[in-house]
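Enquirer: Chains A and B, in that order, give the protein sequences.
Every letter in the first sequence is one number past the one before it in the working numbering, and letter 364, counting from 1, is 380.
Every letter in the second sequence is one number past the one before it in the working numbering, and letter 157, counting from 1, is 302.
Treat the hints with care, as some may be off.
What the hints assert, rightly or not - Quick list of in silico lysine-lysine cross-link-like pairs, DSS-like style, CA-CA up to 30 Å:
#1 A:K460 - B:K318
#2 A:K287 - B:K173
#3 A:K56 - A:K202
#4 A:K431 - A:K441
#5 A:K464 - A:K195
#6 A:K195 - A:K405
#7 B:K147 - A:K464
#8 B:K173 - A:K76
#9 A:K98 - A:K202
#10 A:K405 - A:K460
#11 B:K173 - B:K147
#12 A:K369 - A:K416
#13 A:K76 - A:K121
#14 A:K594 - A:K193
#15 A:K441 - A:K98
#16 A:K460 - B:K411
#17 B:K318 - B:K173
#18 A:K76 - A:K202
#19 B:K147 - A:K121
#20 A:K464 - A:K202
#21 A:K460 - A:K195
#22 B:K147 - A:K56
#23 A:K464 - A:K431
#24 B:K173 - A:K777
#25 A:K585 - A:K464
#26 A:K464 - B:K173
#27 A:K405 - A:K76
Said to hold, decoys possible - Pair ranges (Cβ atoms, derived):
#28 A:A488 - B:D264: 39 to 47 Å
#29 A:Y695 - B:A164: 38 to 46 Å
#30 A:D54 - B:A168: 56 to 64 Å
#31 B:Y153 - A:Y695: 56 to 64 Å
#32 A:R792 - B:R188: 40 to 48 Å
#33 B:R188 - A:R161: 53 to 61 Å
#34 B:G386 - A:R456: 53 to 61 Å
#35 A:G551 - B:D264: 31 to 39 Å
#36 B:G389 - A:N715: 19 to 27 Å
#37 B:A164 - A:R43: 35 to 43 Å
#38 A:E167 - B:Y153: 52 to 60 Å
Everything labelled a hint here was simulated from the structure, so no lab data went into it.
Quick caveat, the model's predicted, so the values are computed rather than measured.
Where is the CB? At the ideal position from N, CA and C, for every residue including glycine.
Spelled out from the first residue to the last, the chains are:
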Amino acid sequence: MGAPGRPAGGASGQGIGASMPRKEDDRYMRGRGQYVGDIKVAGMLEVAFLRSPVAHARIKAIRIPDAIRAHVVIADDLEGVKAIRADTSLPGFKSSVQPALATGKVRYVGELIALCAAPTRAEAEDMAAEIEVDFEPLPAVVDMRAARRPESALVHEHWGDNLYLTTFVDVDFEAAKAKAAYSVTKELVTARQVMSPMEGRGVIAEWNSRKGQLVLTTSSQQPHIVRTGLAECLGLAEEQVRVVSPDVGGGFGYKGILLPEEVALGFATRKLGRPLRWLEDRRENLTANANCREHHYVLTAYADANGRLLALDCEATVDSGAYSAYPFSACLEAGQVGSILPGLYDFPHYRCKVYSVATNKPPILPYRGVARTGVCFALEVTLDALARKIGCEPNDLRFKSLVQPHQMPFDNIAKRHFDSGDYPKALRMAIEAVGHDAVRARQKQGEKDGRRIGIGYAMYAEQAGHGTSVYAAWGIPFVPGFEQSQARFTPDGGLELRIGAHSHGQGMETTLSQVAHEILGIPHDRIKLVHGDTGETPYSTGTWGSRSMIMSGGAVAAACDALAERVLKIGAALMQAKREDVRLENGFVVGPSGRMAVTDIARTWYRRPQDLPPDVDPGGLELTAGYKAKRDTGTFSYAAHAAVVAVDPDTGATEILDYVVVEDGGVLVNPMIVDGQVYGGCAQGIGTALYEEMGFDANGQPQASTLSDYMLPGPGEMPDVRILHLETPSPYTRWGQKGVGEGGAIAPPAAITNAINDALKDMGVELTMSPITPRRIVAAIDAASAAAPLGGKAA
Amino acid sequence: MKPSAFAYRRASSLSDAVAALAANADAKIMAGGQTLGPMLNLRLAQPAEIVDITRIPELCATSETSDWVNLGALVTHAAIEDGLVPDPTRGFLARVAHGIAYRAVRTRGTVGGSLAHADPAADWLSCFTALGAQISISGPTDTRRVPLHGFMRGALDTDLAPGEILSAVHLPKFSANARFGYAKFCRKDGEFADAIGAALLDPDRAIYRLVASTTAGAPIVIEAGAAFAPEEIPARLDAAGSTGDSYERRLRAVILKRALAEAMGK
Ligand SMILES: Cc1cc2nc3c(=O)[nH]c(=O)nc-3n(C[C@H](O)[C@H](O)[C@H](O)COP(=O)(O)OP(=O)(O)OC[C@H]3O[C@@H](n4cnc5c(N)ncnc54)[C@H](O)[C@@H]3O)c2cc1C
Chain A
17 MGAPGRPAGG ASGQGIGASM PRKEDDRYMR GRGQYVGDIK VAGMLEVAFL RSPVAHARIK
77 AIRIPDAIRA HVVIADDLEG VKAIRADTSL PGFKSSVQPA LATGKVRYVG ELIALCAAPT
137 RAEAEDMAAE IEVDFEPLPA VVDMRAARRP ESALVHEHWG DNLYLTTFVD VDFEAAKAKA
197 AYSVTKELVT ARQVMSPMEG RGVIAEWNSR KGQLVLTTSS QQPHIVRTGL AECLGLAEEQ
257 VRVVSPDVGG GFGYKGILLP EEVALGFATR KLGRPLRWLE DRRENLTANA NCREHHYVLT
317 AYADANGRLL ALDCEATVDS GAYSAYPFSA CLEAGQVGSI LPGLYDFPHY RCKVYSVATN
377 KPPILPYRGV ARTGVCFALE VTLDALARKI GCEPNDLRFK SLVQPHQMPF DNIAKRHFDS
437 GDYPKALRMA IEAVGHDAVR ARQKQGEKDG RRIGIGYAMY AEQAGHGTSV YAAWGIPFVP
497 GFEQSQARFT PDGGLELRIG AHSHGQGMET TLSQVAHEIL GIPHDRIKLV HGDTGETPYS
557 TGTWGSRSMI MSGGAVAAAC DALAERVLKI GAALMQAKRE DVRLENGFVV GPSGRMAVTD
617 IARTWYRRPQ DLPPDVDPGG LELTAGYKAK RDTGTFSYAA HAAVVAVDPD TGATEILDYV
677 VVEDGGVLVN PMIVDGQVYG GCAQGIGTAL YEEMGFDANG QPQASTLSDY MLPGPGEMPD
737 VRILHLETPS PYTRWGQKGV GEGGAIAPPA AITNAINDAL KDMGVELTMS PITPRRIVAA
797 IDAASAAAPL GGKAA
Chain B
146 MKPSAFAYRR ASSLSDAVAA LAANADAKIM AGGQTLGPML NLRLAQPAEI VDITRIPELC
206 ATSETSDWVN LGALVTHAAI EDGLVPDPTR GFLARVAHGI AYRAVRTRGT VGGSLAHADP
266 AADWLSCFTA LGAQISISGP TDTRRVPLHG FMRGALDTDL APGEILSAVH LPKFSANARF
326 GYAKFCRKDG EFADAIGAAL LDPDRAIYRL VASTTAGAPI VIEAGAAFAP EEIPARLDAA
386 GSTGDSYERR LRAVILKRAL AEAMGK
């Protein structure tokens, strides 16, 4: 596959490599998708939660009017329910337990206190408004760096400090100083953000007394993981829990989390004896739930006399919020900073210390790009600053320091194993595509409207589909192992594929159909992907970490290979040919003296078994096969992003004039879908760079509660992102494919910040925060001109 | 979030609506619902009764005299954007309308609702003030016609007495030499403005009017002369009590200068 000369999509043009329109779009574009909010169950009540109005307090008393007491569930009612616990086995990790409903204390604004159930959501909200809670206020821990100081108030008193975890790596760092010719130290911050899928979370819980089963219909990207976690919290056996995830309107990591809301509904449906539904509204999503990304860095980069990267020295702090979220834990971000920070570069000396801090804010959750967006920002913005110090084009520093193609596969200074690729080539392509020299020329001329033009670059690698060996070392609640798929022919010759991962917008109903078509030649309209239901699919850790095309793609291929073999054997026997003389082609078993449709073989198996050869495999046309990559350290797709911006120094407005992405995702199963992933990711990256920020005041009150305060980029803010591809196959995966789901969201903050700093460098301005708002740009210009001597040139 | 319970009533005429408001002190008018809807959902407004005025014919009507264009309060932003109502500004209003919110909001949002709500960042407030608009206010006893300038007392605070309805907006007609300028600064398409500048230069009528939105109250109106220089803007704004921190004040001046430059054809 991906072989030179192979037509895109194989012989039929519809297999691996075809930019086929997405099958699922027919229902999505017509508004016929089915989300939790579209589902109603007879007798169902709607749930509203009473949430904590304060960030940190002891609960002294909860008063519930008698008239509504029977419709309300609070912590005292949660008999036999265990708190959510997401520990890691990393040495020194401190455990937090997240109760389904606040128990004794509240630790962030929005923490659940009471579940209220009523025929309508409005009535349930009326109920919540009638409940009174007496709080004994405690000082709120809001600033992650202040939280590290010994005098800080404590989020979890018994810890003795506010640190979930401190990690440290040192690779011969001290030796760097003597060799360094240049260095810069930068302080960088990335704002707390909120993941904003179009569909929020939604849960329906009902007890099926016939099956003795709790059925939880929930908008999840990891239904099997939710099932395991839920069963543990509720004290149920796993076979007593079925998790169904219908259409999911975007996830980005948020839909992988086991929510306290899910546990509370799972319990309350039995206690109240009614099916219950909770639909998250945007206010809950913003203020209480989908928080992510808050990092702080002090980063020093050193270069040698040849202008090559020599060393990095970093102290990073990650605001992990009040609880360790299930299943990825409070340390997924912080724990990865040290291993991601070296980026695509080859340098000899390194030191990195990372603090994962508890605060009175919602738990930090993994968001598309997990940790990489902040890390890429810190590294690439600092590298540009280092280049300015050296007095060279930032890309000169990059070219001298990038891992070279002949070094592949390459084990970097943080022990990451880069599988394949040509990093300098990606950068060269980006430079050419964006028209670097023309931009520099335009920059010299100046703009008539007084704006300033800048150009900036950023690169990253996105580790994907990493498995057992990586996660076993983390010791979080799950470790991904083998991935399975079940493949089954129906009596009329259709193909059903079952996987435990779950699409939340990636188009897996199409791409996995392409994989099956590639092997079996069955037409796409006869291939059906069944996913999103633990009752119908093999166990899987789900769709996260850009793993599905690698793992589910590999499993579907394995199942189809095995099924092909059975079909061929039956076909050969029916055609009285030898097995080695027949082959599969376009849905037919083709032999020396004719051909037989797979449909006919299926019909024979199910409906005319009397015609089957006596030694036929009794397993029939249905099987489950498994897959694991040849090496489970993951694939490393990578990209070079280039941004051209115009900055208005009078208003601080930034316009993105051009944006180029050169991406290498290995062999692309469906290039159009990959482009969509890159494009959508870029929109989110632009949000991080310029718009999105969830602020908190000194009391821990969130400062945005609607999308008019929490600013997301819209279509008008999206440049026409130009995407170019390299296709270096991964040596470790079935087709050479690599995970590419997250990359788009990683580099834009760094590339755009570098472009803005390039635009404003003559003014002595350098911004090192995200988002870069107009106000921050103007403030930085003011500060720079105040610092510069009157009439003098800024340093 | 969902609204708390309210009674709903659809008024059939202006007098019916006025009577409904008189009968229930806790009733609230709903026009396009684009502001009231979110306020109800967030439970920031919890009226006992909603009086829906959208089916009142006289509030949808438009008319023209030799000196004035009259827009019923229910004229939507979209109707102005699409040129479906008389426009004394030769397309300037359509352009301002196009910059309000998103099309879905413009389809329902009304000029009357926008002015009555009196959000300092609302486009029509600054724009119509610059044009020298007047408004009609209908109450239980009569309808009074007043200049828009002075109607807004502060953020979300107007001269409307309880039970009164803003029934029409009146826009003067301009000379053929009139020039208009409008600049809006917002961080993304469809957002409320961080700063609005509007300018009307009608030399034949000796009108040189500049208007700047504020973040905290009514727009600032500068009646400039023919000899007015753009450089005077910051000082004139400060003299008029330009509020906010240094960024806001400077942005206001920059944006007003841009509106003036447009009106001057620069
Ligand atoms: C996402 C979004 C973005 C927006 N962006 C902008 C923007 O960029 N610029 C801008 O100017 N506006 C903006 N708006 C506001 C919008 O344009 C409407 O003008 C505004 O919602 C009010 O008009 P309405 O007809 O919807 O009033 P309603 O929501 O129905 O009513 C608003 C208030 O005015 C009262 N009211 C309504 N009509 C009358 C009347 N005739 N007499 C007396 N009282 C009345 C109501 O009782 C209520 O208190 C935005 C709104 C949204 C939802």
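Enquirer: So, for every hint listed, does it hold in this structure?
Expert: Status of each hint after checking the structure:
no. : hint                        : verdict
1   : A:K460 - B:K318             : violated (47 Å)
2   : A:K287 - B:K173             : violated (41 Å)
3   : A:K56 - A:K202              : violated (53 Å)
4   : A:K431 - A:K441             : holds (23 Å)
5   : A:K464 - A:K195             : violated (46 Å)
6   : A:K195 - A:K405             : holds (17 Å)
7   : B:K147 - A:K464             : violated (50 Å)
8   : B:K173 - A:K76              : violated (39 Å)
9   : A:K98 - A:K202              : violated (44 Å)
10  : A:K405 - A:K460             : holds (20 Å)
11  : B:K173 - B:K147             : holds (17 Å)
12  : A:K369 - A:K416             : holds (26 Å)
13  : A:K76 - A:K121              : holds (9 Å)
14  : A:K594 - A:K193             : violated (71 Å)
15  : A:K441 - A:K98              : violated (53 Å)
16  : A:K460 - B:K411             : holds (25 Å)
17  : B:K318 - B:K173             : violated (33 Å)
18  : A:K76 - A:K202              : violated (45 Å)
19  : B:K147 - A:K121             : holds (28 Å)
20  : A:K464 - A:K202             : violated (33 Å)
21  : A:K460 - A:K195             : violated (36 Å)
22  : B:K147 - A:K56              : holds (18 Å)
23  : A:K464 - A:K431             : violated (50 Å)
24  : B:K173 - A:K777             : violated (54 Å)
25  : A:K585 - A:K464             : violated (74 Å)
26  : A:K464 - B:K173             : violated (51 Å)
27  : A:K405 - A:K76              : violated (57 Å)
28  : A:A488 - B:D264: 39 to 47 Å : violated (56 Å)
29  : A:Y695 - B:A164: 38 to 46 Å : violated (55 Å)
30  : A:D54 - B:A168: 56 to 64 Å  : violated (40 Å)
31  : B:Y153 - A:Y695: 56 to 64 Å : violated (43 Å)
32  : A:R792 - B:R188: 40 to 48 Å : violated (33 Å)
33  : B:R188 - A:R161: 53 to 61 Å : violated (36 Å)
34  : B:G386 - A:R456: 53 to 61 Å : violated (46 Å)
35  : A:G551 - B:D264: 31 to 39 Å : violated (51 Å)
36  : B:G389 - A:N715: 19 to 27 Å : holds (24 Å)
37  : B:A164 - A:R43: 35 to 43 Å  : violated (49 Å)
38  : A:E167 - B:Y153: 52 to 60 Å : holds (56 Å)
In this structure, the earlier hints numbered 1, 2, 3, 5, 7, 8, 9, 14, 15, 17, 18, 20, 21, 23, 24, 25, 26, 27, 28, 29, 30, 31, 32, 33, 34, 35 and 37 are contradicted, and the remaining ones agree with it.
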